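Number of protein chains: 2
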Amino acid sequence: MTLIESAKQNQVRKEFEEVAKYEQVSVDFIMKGVASGEIVIPKNINRSLKIIRAVGKGLKTKINANIGTSPDHISIKEEIEKMNIAVKYGADAVMDLSTGGNLVNMRKEILEKSPVMVGTVPIYQVASQTVRAKKKITQMDSEMMFDVVEQQAQEGVDFMTIHCGVICETVAMLDRQPRLMGVVSRGGSFLVKWIKANKRENPYYEQYDRLLKIAKKYDITLSLGDGFRPGGNPDASDGPQLAELSILGELALRARKEGVQVMIEGPGHIPLDQIQSNVILAKRLTHNSPLYFLGPIVTDVAPGYDHISSAIGGAIAASYGVDFICYVTPSEHLRLPNVNDVKEGVIAARIAAHSADIVKNINGAKQWDYEMSKYRKERNWEKQKELALDPLKVEQERAKITPKLEDTCSMCGEFCSMREENENS
Amino acid sequence: MTLIESAKQNQVRKEFEEVAKYEQVSVDFIMKGVASGEIVIPKNINRSLKIIRAVGKGLKTKINANIGTSPDHISIKEEIEKMNIAVKYGADAVMDLSTGGNLVNMRKEILEKSPVMVGTVPIYQVASQTVRAKKKITQMDSEMMFDVVEQQAQEGVDFMTIHCGVICETVAMLDRQPRLMGVVSRGGSFLVKWIKANKRENPYYEQYDRLLKIAKKYDITLSLGDGFRPGGNPDASDGPQLAELSILGELALRARKEGVQVMIEGPGHIPLDQIQSNVILAKRLTHNSPLYFLGPIVTDVAPGYDHISSAIGGAIAASYGVDFICYVTPSEHLRLPNVNDVKEGVIAARIAAHSADIVKNINGAKQWDYEMSKYRKERNWEKQKELALDPLKVEQERAKITPKLEDTCSMCGEFCSMREENENS
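Line by line, the protein sequences are chains A and B. Heads up: the first sequence begins at 19 in the numbering used here, then just goes up one per residue. Heads up: the second sequence begins at 19 in the numbering used here, then just goes up one per residue.
One should not assume that every hint holds.
Given that identical chains are not distinguished, each listed pair holds provided it fits within a single copy or across any two copies.
BS3-like mimics (lysine-lysine), calculated; alpha carbons at most 30 Å apart, straight line [said to hold, decoys possible]:
hint, residue 1, residue 2
1, LYS217, LYS395
2, LYS95, LYS422
3, LYS95, LYS411
4, LYS422, LYS153
5, LYS418, LYS126
6, LYS106, LYS411
7, LYS392, LYS154
8, LYS106, LYS126
9, LYS418, LYS131
10, LYS106, LYS418
11, LYS217, LYS131
12, LYS403, LYS422
13, LYS154, LYS422
14, LYS152, LYS395
It is worth saying that the hints were derived from the structure and are not from the lab. Source: prediction; values computed, not measured.
Please model the complete structure; the sequences and the hints are all you need to start from.
See below:
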């Protein structure tokens, strides 16, 4: 039985207990959420997952780190390092988005070594195999699309991005409503090209029941991809984006009915004043499915610092109900991230997620800030370090300009406003 | 005549013309804003200012970089370097918050070399002189408080933070409504101690007319300081903070009437869901004065990354109407910032300010993003670099993992979704 089926039949499972304990909520709360589809627990039946996490309503906002090779840079060792640093700094999930080198080996390593849930985008492997066979993307084989999903499911992948909403209907709408950036989702763009060239429907949509059957067999959580997410502020919240979202909502209901967990992916690039409505509409159109947003980035002018542009959007989106944030690293829009970028990206995403959790009233979130503030007031630097998102950073930075009085910092020194017993007073 | 008086009497001045040109608005729009007090143009009559900027309603969100020595680290050279890098990366103002070394020389250098407006907090000099004379902060001389303001005004300081709302009434309220962090504003804490020890009213409040007279003489813009700003999320939006704000509103009206420009400072540390109401209330209570916010930081758990926590809050605050953002650097809460921290802080603040300007419909803001997106779509890397907030960063980062195909980046390489003419298609 899949987790959603167990929850519907009110059968307690260790996964429910484990996530309930982590979230400090009742097992019943988790099971009701899973049964209704408002909470998902991505975990393949073939995986022994050290850290099981739930994503959805009432729970801590989770974050994902994308790793993986590209055709231009291939090193399994480096990707494993990225995975390790992502997990160390608090990633709740990693996605292997590899498109270069031996994809199967890469994924095998990640699945073996990752203590957290692992996601993939199977169409990348399909595209890669197609191109390596000297064929074009438009010649991707529809049978291979399902074979790869089954292969990756068997290997233990916990959740998969499938762009089921890139269909004839939405592609036609995109043609009628042109946008500045076109389709920026990699998987989405493969499927758009395929649909147009072959004048055929997206196999993942046309044979959605077949996809559900595989997902059910391995209890894969489907992450319905946003192939039409805006690639720049000017394209945000347009017709194709919302049409796709509404189709993903239909598919979410069908998945739930079939006993398959589903979450919905979201943009992307959204200006500040459209984030709230994007989140509210996404929850509405997808029947309160867990939302998995990439960013959103609130301005396009700061390449090199897109982890910041994205933390701004992510914090706001999560505060309005987004459940799962995909990090953006400082190297976004410039190159494949390196290990340090992964660290910076994870930390920025965690700042966004946690600042939202404070206002979502997530258990323990306010308390964390309270304690940090208390120790700051007490000028207890050891405790501040311990509580910090990145304790090593606190130590290193503080050491760069040390204070003369050890209970202060070198910003204010003897004039520290926190020192009640200030000898200057 | 001060700028506000000229504006009230409908006399065009070159300052109005200059800022109107920069903002791409009419001179009339600027003059009406200055006359009503909704816009300020900080510029001392004794300064020849290369770059004149206005702050307020309908204008580009401005950013300030705090620089200056502390008792623990004193280097005029380094502070000038900080000023230069801040201006290079787009700071519209710098504040000299020096408390260590020769304060007069430091300020003289900054006033000489800064092309942008310079602000100070005169009470720091008062406190510093008092302590150096082997006295306690509580023994600060009330005459010296005004002498230092006059001295700095004469030297050419364009705007000054004065904590006029830290008064017997608000100090008493703070005693009745205790908070976790107490008073974290340095200037505010000096005055609280002084008021309590001397059982006397804040001289800057009691003799506010005297302060206005000096400000008027040199056309100083008063930046009414928030001595009771929250120092941690748990203290946000409490009684003392709002009582002080309401008093600052009274004082703003008095200043306008006397021909003195005034802006109002704001917090600090605010959770995501209280930022909008803080901004709306601040505008209401201060009769639509230009608002100058420090941050706000939306979580306290990420020391070492507070420029990110602050960019989140700053973007939201500015989008709801904050006009002027004081940057926060990565070293905040840990130590005095170094040159690189200043750069990182300015860039984070500019991302916040610009992402808000997009939704404030500020002239040129949307267009900047539009053009960046257009060149991204065209994979015109040279133009993307030129348009970027930090072109050098774009170049350096891109070079770290170069793409095999020069019109792509090493993230997707040959699978780039932007390549219409993709040979794989």
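Status of the hints after comparison with the structure:
Taking identical chains as interchangeable, the C-alpha atoms of LYS217 and LYS395 lie at most 30 Å apart only when they sit on different chains, with a minimum of 25 Å there against 66 Å within one chain. Taking the shortest alpha-carbon separations for LYS95 and LYS422, only the inter-copy value of 21 Å comes in at or below 30 Å, while the best intra-copy value is 44 Å. For the homomeric pair LYS95 and LYS411, the shortest alpha-carbon distances inside one copy (25 Å) and between copies (27 Å) are both at most 30 Å. Taking the shortest alpha-carbon separations for LYS422 and LYS153, only the inter-copy value of 20 Å comes in at or below 30 Å, while the best intra-copy value is 68 Å.
With identical chains, the CA atoms of LYS418 and LYS126 are at most 30 Å apart between copies only, with a shortest distance of 27 Å across copies and 42 Å within one. In this homomeric assembly, LYS106 and LYS411 come within 30 Å of each other (Cα to Cα) both inside a single copy, at 14 Å, and across copies, at 27 Å. Taking CA atoms no more than 30 Å apart as the test, LYS392 paired with LYS154 passes between copies only; the shortest distance there is 27 Å, against 60 Å inside one copy. Taking the shortest Cα distances, LYS106 and LYS126 sit within 30 Å of each other inside one copy (20 Å), while across copies they are farther apart (48 Å).
In this assembly of identical chains, the alpha carbons of LYS418 and LYS131 lie at most 30 Å apart only when taken from different copies (27 Å versus 36 Å within one copy). Proximity of LYS106 and LYS418 under a CA criterion of 30 Å is satisfied in both settings, with 24 Å inside one chain copy and 24 Å between copies. In this homomeric assembly, LYS217 and LYS131 never come within 30 Å of each other (Cα to Cα): the closest approach is 42 Å inside a single copy and 66 Å across copies. In this homomeric assembly, LYS403 and LYS422 come within 30 Å of each other (Cα to Cα) only inside a single copy, at 19 Å, whereas the closest approach across copies is 43 Å.
Only between protomers do LYS154 and LYS422 lie at most 30 Å apart by alpha-carbon distance; the minimum there is 19 Å, versus 66 Å within a single protomer. Taking the closest pair of Cα atoms, LYS152 and LYS395 come within 30 Å of each other only across two copies (26 Å); inside a single copy the shortest separation is 64 Å, beyond that limit.
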